[in-house]
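S.K.: Residue-level listing of the chains:
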Amino acid sequence: MKVIETRILILGGGATGTGLARDLALRGIPCLLAERRDINAGASGGNHGLLHSGARYVASDAESAIECREEGAILKKLAPQCIEDTGGLFVAVEGDDEKYIADFQSMCDASDVPAHEIDIREARELEPVLSDKLIAAYSVEDGAVDPFMLSLDNLAQSVALGGQYLRNAKLIDFSKDNGRIQRSTFLDQTTGEQFAVEAEIVVNATGAWAGIVAALAGAHINILYSSGSLLITQDRITKRVVNRLRKAADSDILVPGGTVSVLGTTSVTIDSPDLCRPSVAETNSIIEDARAMIPVLDTTRYIRAYAGVRPLVLLGDSGDARNVSRNFSLIDHARDDVDNFITITGGKLTTYRLMAERTADMVCAKLGVDAKCTTRTEPLPPSTMGRWTEPGLGPKSWIQNRDADDLILCECEMVSRNAINAIVENMGGMHGNSILKAIGMRSRVGKGPCQGGFCGLRITGHLYDEGYVSEAKGIEELQSFVGRRWRGFSPILWGLPMVQADLQEALYCGALDLELHDDDDDDFTCEDA
Amino acid sequence: MIKDDTIYDVMVIGAGFAGMAAALFASAQGLKVVQTGATGGIDFSTGFIDLMGVHPMEEGKRWNSPWAAIDAAVKDYPKHPYALLKRDEIAEAIDTFTDFLAQNGLDYVGHSERNSRALTPAGTVKRTYRVPKTAWKGTLALESKAPTLFVDFHGLKGFSGKQLVETRKRNWPGLKTVRIQFPSGSGELYPEHMAWALADPAVREKLVAEILPHCDDVEYVGFPAILGLNDPQQVVAQLEELSGKHIFEIPTMPPSIAGPRLRAVFDRGLPVLGVRTLSQKMVTGVEKLGDGSFQFAVGSGAAASTVNAKSAILASGRFFGKGLRADRNSVSEAVFNLPVVQPGNRDEWHLHEFFDHKGHPVNMAGIEVDEQLRPLNAGQPVHDNLYAAGAILAHQDWMRMKCGAGLAIATAFKAVKAMKG
Amino acid sequence: MNFFDIGFIIASVVCAVGIVRRLARWCGKPTSEVSVSSLSWHRRLFLALKIFFLEILLLGRTCRTGRIRWLAHCLVFFGFMGLLLFHAMDDTITARFFPAYESTLDPWQFLRNLFGGMTLIGLALMVYRRVRLRSLRSLTRFQDWAVLLVVGGIILSGFLLEASKIMSPAVFDVMVYDYFIPEDGSDITALKAVWAKKYGVVFPEEISDSDDVFENGLSLNEDSCVDCHSDTTSAFISRPLASALHPLAPALNRSRADEVFWYLHISLCLIALAALPFGKFFHPLTTPANLMARLGRRDAAKDDVPSPAIRGLGIDACTRCGECSLHCSVGPAFSVLGNSNILPSEKLISLKGFESEASLSGQALEAFAEGSRICTECLRCTDICPSGINLQDLWMASKKAVSKVAPDSNQAIRLMEISERAAPFGECSLPPISGLADNKESYLACVQCTTCTSVCPVVAVSEDPSRDLDLLPQQIMNLLRMGLKEQTLGARMVWSCTTCYKCQEHCPQNIRVADVLYELRNTVATRLREGECADERDG
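Going line by line, the protein sequences match chains A, B and C. Just so you know, we're using the numbering used here here: the first sequence kicks off at 1 and counts up by one. Just so you know, we're using the numbering used here here: the second sequence kicks off at 1001 and counts up by one. Just so you know, we're using the numbering used here here: the third sequence kicks off at 2001 and counts up by one.
The hints are simulated quantities; they were obtained by calculation from the structure and are not laboratory data. Using N, Cα and C, we set each Cβ at its ideal position, and we do this for glycine too. Hints are supplied without guarantee of correctness; some may be wrong.
Listed below are the simulated SDA-like cross-link pairs for lysine to any residue, each with C-alpha atoms no more than 25 Å apart in a straight line [to be verified]:
#  : chain 1 : residue 1 : chain 2 : residue 2
1  : C       : Lys2440   : A       : Ser267
2  : B       : Lys1176   : A       : Glu471
3  : B       : Lys1145   : A       : Ser131
4  : B       : Lys1288   : B       : Ala1304
5  : C       : Lys2399   : C       : Arg2481
6  : B       : Lys1417   : B       : Lys1169
7  : C       : Lys2485   : A       : Val296
8  : B       : Lys1176   : A       : Asp465
9  : B       : Lys1061   : A       : Arg124
10 : B       : Lys1169   : A       : Asp465
11 : B       : Lys1169   : A       : Glu288
12 : C       : Lys2400   : C       : Arg2298
13 : C       : Lys2352   : C       : Leu2365
14 : B       : Lys1061   : A       : Ala472
15 : A       : Lys2      : A       : Arg240
16 : B       : Lys1358   : B       : Ala1072
17 : A       : Lys239    : A       : Ser131
18 : C       : Lys2440   : A       : Leu126
19 : A       : Lys473    : B       : Pro1173
20 : B       : Lys1061   : A       : Leu275
21 : A       : Lys473    : B       : Lys1417
22 : C       : Lys2400   : C       : Ala2275
23 : A       : Lys247    : A       : Ser267
24 : B       : Lys1145   : A       : Gly483
25 : C       : Lys2440   : A       : Gln105
26 : A       : Lys473    : B       : Leu1156
27 : A       : Lys396    : C       : Ala2445
28 : A       : Lys396    : C       : Lys2440
29 : B       : Lys1281   : B       : Ala1072
30 : B       : Lys1133   : A       : Phe524
31 : C       : Lys2400   : C       : Gln2363
32 : C       : Lys2198   : C       : Arg2298
33 : C       : Lys2502   : B       : Leu1031
34 : C       : Lys2440   : A       : Arg124
35 : A       : Lys2      : A       : Glu198
36 : C       : Lys2404   : C       : Ala2525
37 : B       : Lys1358   : A       : Arg124
To give an idea of the interface, some chain A residues facing chain B are shown, with a C-beta separation under 10 Å as derived from the structure [to be verified]:
#  : residue
38 : Ile232
39 : Asp235
40 : Thr283
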């Protein structure tokens, strides 16, 4: 079995894991990041992409509010490529809790979160889609963040500084000796081979899976899995982030992101993070609730739904997930008699940097290394890894660099052949057996109205042309890609998406027989003959 | 509002396979026919005529004999629309339909009793009942595993010869592929435009000159379906003569040329039979008059008109064809607001896996009919003079059972027969 | 009165009459509304100087349409001007400034060959372009070849004339008779030896090649000839031409080829003079005049409505270079419909006919009317025109005029205001045409099937759609859906759309593709009128 040696092993390639890899790399400690599926495959990719101003938490969690305010300001300054500084509104409609509205300003002031009341008419001029039943509106400093670009840029810098990362690497076992993890055994899901990693310190940044991973090391964390579903609209509904001015509930936030808007979030407690997927019932309840704030959400075309799991670390006995602290948990498993094992979980996308900083501080303390954190002041350099996730970049780049052979393969988001090639090249040798899904994660491919219905087939042909896939591999990739998109597509199938889905099935099943096993039967005799 | 004073015998709603077939069969019976419908199913078809290919869906079992497959399916799904038809009727319907296509220059070919294998642009193989003559040699090549060259083009997206070779090479040796420059036009290419260009015999000659150097050790040459719009058979014949090879077409992904070819045949042929076609227009409303006949509102805006007809055949298709509509809670029928048999709520419409063999329950939703193909409400025909045909019918999943075109043509045939009495 | 005088008088009269007729035609038009841009006089002077040096002397405008074309024009312009001023008008100009002028002396002899050579190379490049560029070849008419033929004929006959004079013993004899007083017969023999060897004369008899004779000849030559005759090797084209013709020399000399070529050369010059005010022959005068008159503008702004005289000047300034047609937005419509009046350069010829007294009628008028209708007023022809013709203004005026004479029912509807257009439909009025492009609901239903592009005839006739049209219909719809309207406005597809509505009729989702394209075109037209895009376009 192949054994890789490294100082630090980071488990999990979400915002925290990639942020930690960068933080440590900047301190001169390169590490190995191992991810079970792909970058941001968990909650880091399954959230609003909201850069909190803090106003959302002023009532429930003043400490979080302050952290968000500080970290939001840092990110706007240091990672502007990942942020769209949209600004935000908090609005209340007839029937919302008047006491909450009345207290809002003073609560914001208490946490130093900038917020000021604006005239209702002005609010409706800023965002004409707002309901005419508005009764209060506040302006805040929310923004939108592209979590994929954020993680990829973090990862890119850590790799540039000597770090390594592995996709499709599933942790299967820890071997412990003397109260330390000596060796971590992985399954390479691309090749089916096992390999091991020996590290001085193992950091568990697996988000919702932190409890499961910790259990492998014999440590215990009590985690509540709270699944949250969100909906993506075909169009960008508002310019700004719009929050419902009330005690946190199911469909309070509409976040614009490039050419679309994201609406959510529900909170449903589930038994295992692997069971997380958006449901029809959640979709319906989100829309039925949100239309009071923005009526057009009732009739607009949705592109798809998606879900992520919030890992809520239980401190005591608590019922509803929203009342549990959303502050992150940094656990030194020395308490469980595993000296070189740290878990970082919980928290928010907005505070990922702070989480990485605190974790790196703990790592350095354990290593006895004296190195200061620099991510508070060092800009996050934009990378080619992350650039294709930006909505609208595909068409703009294609128009700028016109090249007769550069055909558009994804019509919805106008991602061209050259763009696909650039993405695949950037993945290096690690595209493994999910190259099409990996392209989808690293670009806008499959994220438009067709949801992979047309682009999937075109890109598969291109992958064959370029020799990235061979034999039946491309077909399997296509099936798996379309299957994956279906998780988010199936909950929103009514109206126009239903028409699109009908066309997609007519193509993939009616015309191409892709639901069946390959027909290599040479028996031409008839059953009734 | 334009008013047409003619009282038609039958209004055919829909211009897909079922609508076209219904208009054809009704006019052949001497009925005065008017037809509406926009671009839809037929324009996106592969050009293959499936009759029945898979049953039970759960097992994904393919059948060589479509007739045996129909018998098996009807046994397990007694309400399947095929249960309303005899084998002779189905065969007569398909033959009449393909005869009409042949008279208009689009021959269809197949084995007499069994399904043929056909290549799809994904590289998969599907079984179908009748294929266009221009694709037939592909079936022969595939079934005999003869050495074959797949040609594809710079600039034609979604069609990769390499993909065909890679997916099929395991048990079809002697495959190869070549990517060439189309002799007329460069940059981004579309099948319809390429087909237009091939109307010029000089372009055909250049095309053959491009591929000949790659043809040494093959018997068959497969092209994406671009070989001519109105006269594909002549184009193929000329290419065969010039190259000395067997030439065939493989359908492309939409928008392909197969649909426009079929549509062109009906656009030419139906008016000759006296059918009045209100193409690209949708029925927006319907009213039942005192004498039992229907008055339809057709089209919108300045082009709106009314049409009177003594009876109607509803062949408006499913969701893509706009025959069925879905809102967040239920599926409804778009023209007559007929009752739609459907799963309880949206949670049950679709399965968790897209490619689940069982097939999504909502695909079995649709209009339930009596043995005369009249839509039912609580077991009774909604109107004596309203019939339904094609994909809108309940208790079938044409996409998974591979019975789309056949079912459409056969039920249209039966509906016209029932109407004639 | 000799041949030259008579010919010159006739040619001059024809030329003068032609010019007067032209001027009369420019000025004879009733004056319409004229507006002149309000530039200060010193700004005007600056512009005029700039135009004169950059665009007239250095042919800067021509450079925008291709380097070969610019080079060819520079060669012909400077070459021919040199010949005209220093050679054709030597008595009036050269002799006055250089009293020692003799046409057979250097540098004049050398310069004549240089200018002639430049002109010939330039003309050859022009012929090459006309023959090589397929699209240009199809636009080329008789007058294009006529100009090239006459100018080329002048230069070629000039060279042949000079070559035949170089080798002619008859010319030698005349010169000897006029300017040389021989002391004895051997002097003539000696001089002949020098002239045969050094100057290239081909004598019928054997010429002595002994050194003594040659030495003697040289000193005689020094005394009597060199003041007026430079060595003919400086005639670097004519002399090699004479050498090349050496085998034919006896025959040419016997038939006095020098006189034949003189008549040919003079005749061609006189023909050119007489033809000057006609057709393309006039462009060397009208094009600079038009550039000056337009002060270098390339747009068609409201503050620059020209007087009829300037309009006439503009029409005559066309050099038939064909650039406008090569850049025409509705060029693809020409490929579909085959009506050459769709192309600006050809429509201009019809416009001349239309404006003449006889006017157009029948099919010619119909074709002109159709060509005028199809024009989308995209300004591209005006922008590219190397002669600076305000084509846009001509089309705007002629469109109106022709629609009166040959009204088109569709055009009548197009000319209506939207409210007027909707009026006949009464209650079921058309939905408003504006606001489609910006309203994302217009594309909500799109299922990305690309049928719109697949059925588009403009895409179909394009040899390379992404090159010729920039964006295809479904790409424009997707960009608009993503809110990237600015990226679509400049696309040639928008201007090339013939509004045949096939895309819209075939869309399975009833998306108003053609209406959106039409609206985009209106949006840009409005902006152009408001001058918002002027800077961007120049940049």
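S.K.: Hints first: check each against the structure and report whether it holds.
M.R.: Hint-by-hint comparison with the structure:
With a CA separation close to 31 Å, the supplied pair Lys2440/C and Ser267/A exceeds the 25 Å bound. At roughly 13 Å between alpha-carbon atoms, Lys1176/B and Glu471/A fall within 25 Å of each other, so this suggested pair holds. For the given pair, Lys1145/B sits about 65 Å from Ser131/A by alpha-carbon distance, which is inconsistent with the 25 Å threshold. Using a Cα cut-off of 25 Å, the hinted pair Lys1288/B and Ala1304/B holds, with the two alpha carbons roughly 18 Å apart.
Between the alpha carbons of Lys2399/C and Arg2481/C the distance comes to roughly 35 Å, so the proposed pair goes past 25 Å and is violated. Simply put, Lys1417/B and Lys1169/B have alpha-carbon atoms about 47 Å apart, too far for the 25 Å limit, and the pair is violated. As the CA atoms of Lys2485/C and Val296/A are separated by approximately 23 Å, the hinted pair is consistent with the 25 Å bound. With a C-alpha separation of about 13 Å, the suggested pair Lys1176/B and Asp465/A falls inside the 25 Å cut-off, and the hint holds.
Taking the CA atoms of Lys1061/B and Arg124/A, the gap is near 58 Å; set against the 25 Å cutoff, the hint is violated. Taken as a hint, the Lys1169/B and Asp465/A pair is honoured in the structure, with Cα atoms around 15 Å apart against an allowance of 25 Å. Taking the CA atoms of Lys1169/B and Glu288/A, the gap is about 52 Å. The hint is violated against a cut of 25 Å. With a CA separation close to 22 Å, the supplied pair Lys2400/C and Arg2298/C stays within the 25 Å bound.
Straight-line distance between C-alpha atoms of Lys2352/C and Leu2365/C comes to about 12 Å, which keeps the hinted pair within the 25 Å bound. Between the alpha carbons of Lys1061/B and Ala472/A the distance comes to roughly 20 Å, so the proposed pair stays at or under 25 Å and holds. Restraint check: the Cα-Cα separation between Lys2/A and Arg240/A comes to about 50 Å, which exceeds 25 Å; the hinted pair is violated. Our distance criterion of 25 Å between C-alpha atoms is met by Lys1358/B and Ala1072/B, whose separation comes to about 16 Å.
Of the supplied pair hints, the one linking Lys239/A and Ser131/A holds, its CA atoms being roughly 15 Å apart against a limit of 25 Å. Among the hinted pairs, Lys2440/C with Leu126/A is consistent with the structure: their alpha-carbon atoms are about 18 Å apart, no more than 25 Å. Annotation: proposed proximity of Lys473/A to Pro1173/B holds, straight-line Cα distance about 18 Å (limit 25 Å). A C-alpha spacing of about 31 Å is found between Lys1061/B and Leu275/A, which places the hinted pair above 25 Å, so the restraint is violated.
The hinted pair formed by Lys473/A and Lys1417/B fails the criterion: a straight-line CA distance of about 49 Å is larger than 25 Å. Distance check on the hinted pair: Lys2400/C and Ala2275/C sit about 33 Å apart at the alpha-carbon level, beyond 25 Å; violated. Restraint check for Lys247/A and Ser267/A: the C-alpha separation of about 14 Å stays at or below 25 Å, so the hint holds. Distance check on the hinted pair: Lys1145/B and Gly483/A sit about 32 Å apart at the alpha-carbon level, beyond 25 Å; violated.
Restraint check for Lys2440/C and Gln105/A: not satisfied, since their Cα atoms lie roughly 36 Å apart, outside the 25 Å limit. About 22 Å separates the Cα atoms of Lys473/A and Leu1156/B, which keeps this hinted pair within 25 Å; it holds. Of the supplied pair hints, the one linking Lys396/A and Ala2445/C holds, its CA atoms being roughly 23 Å apart against a limit of 25 Å. Restraint check: the Cα-Cα separation between Lys396/A and Lys2440/C comes to about 19 Å, which is no more than 25 Å; the hinted pair holds.
A C-alpha spacing of about 39 Å is found between Lys1281/B and Ala1072/B, which places the hinted pair above 25 Å, so the restraint is violated. For a cut-off of 25 Å, the pair hint linking Lys1133/B to Phe524/A stands: about 20 Å separates their Cα positions. A distance of roughly 19 Å separates the Cα atoms of Lys2400/C and Gln2363/C; the hinted pair therefore holds under the 25 Å criterion. Proximity of Lys2198/C to Arg2298/C is assessed by CA-CA distance (about 56 Å); at most 25 Å being required, the pair is judged violated.
Distance check on the hinted pair: Lys2502/C and Leu1031/B sit about 31 Å apart at the alpha-carbon level, beyond 25 Å; violated. The suggested pairing of Lys2440/C with Arg124/A holds, with an alpha-carbon distance near 19 Å, which does not exceed 25 Å. Our distance criterion of 25 Å between C-alpha atoms is met by Lys2/A and Glu198/A, whose separation comes to about 11 Å. For the suggested pair Lys2404/C and Ala2525/C, the alpha carbons sit about 23 Å apart, so the restraint of at most 25 Å is met.
Distance restraint check for Lys1358/B and Arg124/A: the Cα-Cα separation of roughly 49 Å exceeds the 25 Å cut-off, and the hinted pair is therefore not satisfied. At a threshold of 10 Å, the smallest CB-CB gap from Ile232/A to chain B is about 17 Å, leaving the interface hint violated. Because the smallest distance between the Cβ of Asp235/A and any Cβ of chain B comes to about 19 Å, over 10 Å, the interface hint for this residue is violated. At a threshold of 10 Å, the smallest CB-CB gap from Thr283/A to chain B is about 8 Å, leaving the interface hint in force.
Hint violations for this structure: numbers 1, 3, 5, 6, 9, 11, 15, 20, 21, 22, 24, 25, 29, 32, 33, 37, 38, 39, all remaining hints satisfied.
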